[in-house]
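Colleague: Make the full structure from the sequences, and use the hints.
So the sequence lines, in the order shown, correspond to chains A and B.
Letter by letter, the first sequence follows residues 0 to 378 in numbering that gives the first Met the number 0.
Letter by letter, the second sequence follows residues 0 to 380 in numbering that gives the first Met the number 0.
Keep in mind that the hints were calculated from the coordinates and are not lab data.
Only a predicted model underlies this, so the values are computations on that prediction, with no experimental measurement involved.
Watch out, some of these pointers could steer you wrong.
Partial list, derived from the structure: chain B residues whose beta carbon lies under 8 angstroms from chain A [to be verified]:
| no. | residue |
| --- | --- |
| 1 | Thr154 |
| 2 | Asn160 |
| 3 | Val178 |
| 4 | Leu185 |
| 5 | Tyr239 |
| 6 | Met330 |
Straight-line alpha carbon distances no greater than 35 angstroms define the calculated DSBU-like cross-link-like pairs of lysine-lysine that follow [unchecked claim]:
| no. | chain 1 | residue 1 | chain 2 | residue 2 |
| --- | --- | --- | --- | --- |
| 7 | A | Lys295 | B | Lys131 |
| 8 | A | Lys360 | B | Lys130 |
| 9 | B | Lys117 | B | Lys40 |
| 10 | B | Lys342 | A | Lys156 |
| 11 | A | Lys243 | B | Lys131 |
| 12 | B | Lys85 | A | Lys1 |
| 13 | B | Lys114 | A | Lys1 |
| 14 | A | Lys113 | B | Lys190 |
| 15 | B | Lys130 | A | Lys357 |
| 16 | B | Lys85 | B | Lys370 |
| 17 | B | Lys279 | A | Lys156 |
| 18 | A | Lys360 | B | Lys190 |
| 19 | A | Lys134 | B | Lys274 |
According to the in silico footprint, chain B covers these stretches of chain A (three or more CB under 8 angstroms from chain B) [unchecked claim]:
| no. | region |
| --- | --- |
| 20 | 125 to 136 |
| 21 | 194 to 206 |
Ideal Cβ positions, reconstructed from N, Cα and C, are used throughout, including at glycine.
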Amino acid sequence: MKLLEDILVLDFSQFLSGPSASLRLADMGARVIKIERPVTGDICRGLYVSDAVVDGESTIFHAINRNKESYQADIKNADDLKEIKNLIKKADVMIHNFRPGVMERVGLSYDAVKALNPQLVYACINGYGDEGGWKDKPGQDLLLQAVSGITFLSGNKEDNPTPMGVAVADILAGTHLVQGILTALFNRFTTGEGALIEVSMLGSLLDFQFEVLTCFYNDGHELPQRSAVNNGHAYIGAPYGIYKTTEGYLALAMGDIPHLGRLLGCDVLLSYINASDWFDKRDEIKLILKDHLSLKSALEWLAILEPADIWCAEVLDYDMLMKQDGYKVLEMEQEVSIGNKFLKTTRCPIRVDGQILKSGKGAPSLGEHTTAIRKEFDL
Amino acid sequence: MQLPLKGITILEFSQYLSGPCAGLRLADLGARVIKIERPGKGDSGRQLSIKNLWVDESSLLFHTINRNKESYAADLKSTEDMFFVKQLIAKADVVIHNFRPGVMEAIELDYISVKKIKPDIIYTEISGYGKKGPWSHKPGQDLLTQAISGLAYSTGNKDDNPLPFGLGIGDYLCGNQAVQSILAALIRRQKTGRGALLELSLLETLIDFQFEFFTTYFQTNQQHLRSSVNNGHSLLSAPYGIYQTANGYIAVAMMPLEKLNVAIQSEELKKFTEKDAFEKRDEIKAILTQHFITDTTDTWLTKMNLYDLWVMPVLNWEQLMQTSTYQGLNMEQEFAVGNKKIKTTRCPIRINKQYFLSDIPAPKLGEHTEKLKSELVKEKI
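Modeller: Below, the structure written as structure tokens:
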């Protein structure tokens, strides 16, 4: 039996934050029905990036929405709304990521829905919480990163504030939402009651920074200082970072500097015997390392460092990664079917009872399951 | 409100961040989390400090990750200590470990052995690179998994070195995914009585994290390339990125170029149409860089907000804390160690409008060993 078998999820959300949450629920065995408005559906369907399109729709949409069904309905139309309410009565979970107030206006607030189905777990993601000056601002990933302080952690000291190049606010908020949903489903088993789950993207980014924020709160509000040379983490000393070599790049994590100096044949490093200097003089040390590591290839350095148990790795891009046995053995790839085509994507990263969780079901076309769902649930 | 995971006991055989941040979340949601630590040193995270900040004999970092837990000191190589650990296992619901593959097998605390003691155990393993293959014995350290997973090519500009995220994303996200699967397994156990084996790795987590990029790569057979100018997301077109202004920085997300130009009035930008937004993004962004530097953050925000464009100021933590939004989130909470008060963040999930707050500090090494032993004798667990 799958972990979440027999759980019915209605997903009213768009783009990435909410849909990434329902994707994870689907992969763990829940049945996910996207509730999409006529004509455009989830706006992400038309969000083309770098010209990668499958069947006229964005590749990204297909990656995010595989293993789901689509029910087309206009929540502003009275007949459609009646059917949606009937569907809500049968559901275990509903998810939305509309701005505060939208679901209230159409009569699908938590209180209204709870009256229809007291056992329902009602989960919503917003950008900035429901108080404060930005509550009506769009919950967009880059903008959330910008206000969260997180852009002062990556990149070097002299660089502009640098955003993380993956939609980290969306994905973390989706992850936290799943945690809240499953906690409520677990609790429902004993109480028989549903719950309201709320996660904000800003709250999720603050939680992600919990270690460094706690440092900031308790050290007199000193702002983070990124390393000037190959910064890997503003709060960690040398050698932490990524270094260019004659061929490829080398990642070096924490390590004893004189020991590293001996292994690398870099005598200048032998004098840094005081461990507190590894942080206080990190830029000086990293500059020495940067020059020295540029003398040989990443693989040559690895051949010296790995047998000595130094924490290091070659930096890989996708072309290089695909060729590695360490990648192949993970079986991270899967194919999903879309009509009579196949799309290669990645799978859920969790293994359960020794099995990887795969599903060949591609993303639905808009409203693909409307008729079948209407019939099945007698809407 | 009674805490939703009350009654669930979790044994945390974990160190540093990946396993312990999973334990922290479950503790905040109401589970009883017991760290099983080796006598003498305990979790190696106790000695790992950032900025040399210490609370007691353990670092502030350790306290941040391990508040709201108990500590049981046991030498897993001692028969006598193992006797008690196995009794604890018999009473536990969940085990989480993040040792390298083979370690738990060597001391007979692998899934098969633990399942014999507690048939419905939910046994969670976090590794760096999975249990098979040539990397299985590499250290599962965050920066290294970022390097190997391709993630370092997502951040920074095209001509920069590969640039890591400046936070432990592999550890943190893997721990958070472990929480998801543990909760899902608890739900199945309620219905069926069955336990589960859950396996996660930092590398698989980081590949999943990049699922949009991998899927696009599989379709196009082309590596994604970071923008040369103010890269925000390698798959997105201009103007997406962070720009310097006369007195700070602004973040500019997706928007039609024409609409942007109605707001900011750049003669140079008029030469480009929406068709150019991806292909010529570096040219366009270079023009925008020159344009945004000419006026202040507030001016640009006012002009762009008039047209509802997706723009925000770039703030540091000090500036963020002054905003009504930050204050409205109530993200801060306090705990005390002796007479030292420590401020930290709370669990980011809200249920029925309730926050999950806890003022219980991290345990001293072995602080609860005797108490737990006597509870075992009295069968109170």
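Colleague: Compare the structure with each hint and give your call.
Modeller: Hint check:
With its C-beta approaching chain A no nearer than about 4 angstroms, threonine 154 (chain B) sits inside the 8 angstroms limit, and its interface hint holds. For asparagine 160 (chain B), the interface hint holds, since its Cβ comes within 8 angstroms of a Cβ in chain A; the closest pair sits about 5 angstroms apart. Among the interface hints, the one on valine 178 (chain B) holds; its C-beta lies about 5 angstroms from the nearest C-beta in chain A, closer than the 8 angstroms criterion. With 8 angstroms as the threshold, the beta carbon of leucine 185 (chain B) comes within range of chain A, its nearest partner Cβ sitting at about 5 angstroms, so the hint holds.
Interface restraint check for tyrosine 239 (chain B): the shortest CB-CB distance to chain A comes to about 6 angstroms, inside 8 angstroms, so the restraint holds. Below 8 angstroms, beta-carbon pairs count as interface contacts, and methionine 330 (chain B) has one with chain A at about 5 angstroms; its hint therefore holds. About 30 angstroms separates the Cα atoms of lysine 295 (chain A) and lysine 131 (chain B), which keeps this hinted pair within 35 angstroms; it holds. Distance check on the hinted pair: lysine 360 (chain A) and lysine 130 (chain B) sit about 28 angstroms apart at the alpha-carbon level, within 35 angstroms; holds.
Taken as a hint, the lysine 117 (chain B) and lysine 40 (chain B) pair is honoured in the structure, with Cα atoms around 28 angstroms apart against an allowance of 35 angstroms. Taken as a hint, the lysine 342 (chain B) and lysine 156 (chain A) pair is honoured in the structure, with Cα atoms around 27 angstroms apart against an allowance of 35 angstroms. Simply put, lysine 243 (chain A) and lysine 131 (chain B) have alpha-carbon atoms about 29 angstroms apart, close enough for the 35 angstroms limit, and the pair holds. Between lysine 85 (chain B) and lysine 1 (chain A), the direct Cα distance comes to roughly 29 angstroms. Compliance with the 35 angstroms bound is thereby established for this hinted pair.
For a cut-off of 35 angstroms, the pair hint linking lysine 114 (chain B) to lysine 1 (chain A) stands: about 19 angstroms separates their Cα positions. A hinted pair counts as satisfied when its Cα atoms are at most 35 angstroms apart, and lysine 113 (chain A) with lysine 190 (chain B) qualifies at roughly 24 angstroms. Restraint check: the Cα-Cα separation between lysine 130 (chain B) and lysine 357 (chain A) comes to about 19 angstroms, which is no more than 35 angstroms; the hinted pair holds. Between lysine 85 (chain B) and lysine 370 (chain B), the direct Cα distance comes to roughly 16 angstroms. Compliance with the 35 angstroms bound is thereby established for this hinted pair.
The hinted pair formed by lysine 279 (chain B) and lysine 156 (chain A) meets the criterion: a straight-line CA distance of about 28 angstroms does not exceed 35 angstroms. Distance check on the hinted pair: lysine 360 (chain A) and lysine 190 (chain B) sit about 26 angstroms apart at the alpha-carbon level, within 35 angstroms; holds. Between the alpha carbons of lysine 134 (chain A) and lysine 274 (chain B) the distance comes to roughly 33 angstroms, so the proposed pair stays at or under 35 angstroms and holds. Coverage of the region 125 to 136 of chain A by chain B holds. Counting CB-CB distances below 8 angstroms, 9 residues qualify, and the rule asks for three or more.
Coverage of the region 194 to 206 of chain A by chain B holds [criterion: at least 3 residues with CB-CB distance below 8 angstroms; count 11].
Every hint, counting from the list given before, is met by this structure.
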